[in-house]
Amino acid sequence: MKSTRNWLLIIAIIAIVAILGYNYIYQDHRNIEKEAPTFTMEAQDLVSEFSSDPTAAETKYLNNTIAVSGIVTESSTQSITLNDKIFCQLSQPAETTLVQGQSITIKGRVIGYDDLLEELKLDQCNPINN
Numbered sequence: 809m810k811s812t813r814n815w816l817l818i819i820a821i822i823a824i825v826a827i828l829g830y831n832y833i834y835q836d837h838r839n840i841e842k843e844a845p846t847f848t849m850e851a852q853d854l855v856s857e858f859s860s861d862p863t864a865a866e867t868k869y870l871n872n873t874i875a876v877s878g879i880v881t882e883s884s885t886q887s888i889t890l891n892d893k894i895f896c897q898l899s900q901p902a903e904t905t906l907v908q909g910q911s912i913t914i915k916g917r918v919i920g921y922d923d924l925l926e927e928l929k930l931d932q933c934n935p936i937n938n
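Under the working numbering, the residues of the sequence shown are numbered 809 to 938, in order.
Simulated from the structure, these hints should not be mistaken for lab results. Virtual Cβ for every residue (Gly too), placed ideally from N, Cα, C.
DEER-style ranges, computed between Cβ atoms:
1. A823 - D892: 53 to 59 angstroms
2. G829 - D922: 32 to 38 angstroms
3. G909 - K929: 19 to 25 angstroms
4. G920 - A826: 32 to 38 angstroms
Let's have the full structure, built from the sequences with the hints guiding it.
Shown next, in the form of structure tokens:
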């Protein structure tokens, strides 16, 4: 009797741990498009923060949703580059490419700063205005 109860208790504990582990590993993905931006700023201000102190800026902005305004210097259906220093990978392919020199605001998630290219990387980006 006691042996059966011990086995049932062990199986129940293993099942609970497995369910909690599964839910922790396979969490829902963030929807950056629907999130409100944590920070809203101009591209040159953001770039100067990362240029002066990359470690502090990464601590502040990494994995946060930001809205950044700047001038389009490169664009394709998959990405936009603002002010030659902020690379934005679009979440959806653009129907039309943006014109170089056009002012735009983009919302996306900061994924890191490339010291070698001195370029800030954002993903899941969406233009807020065109």
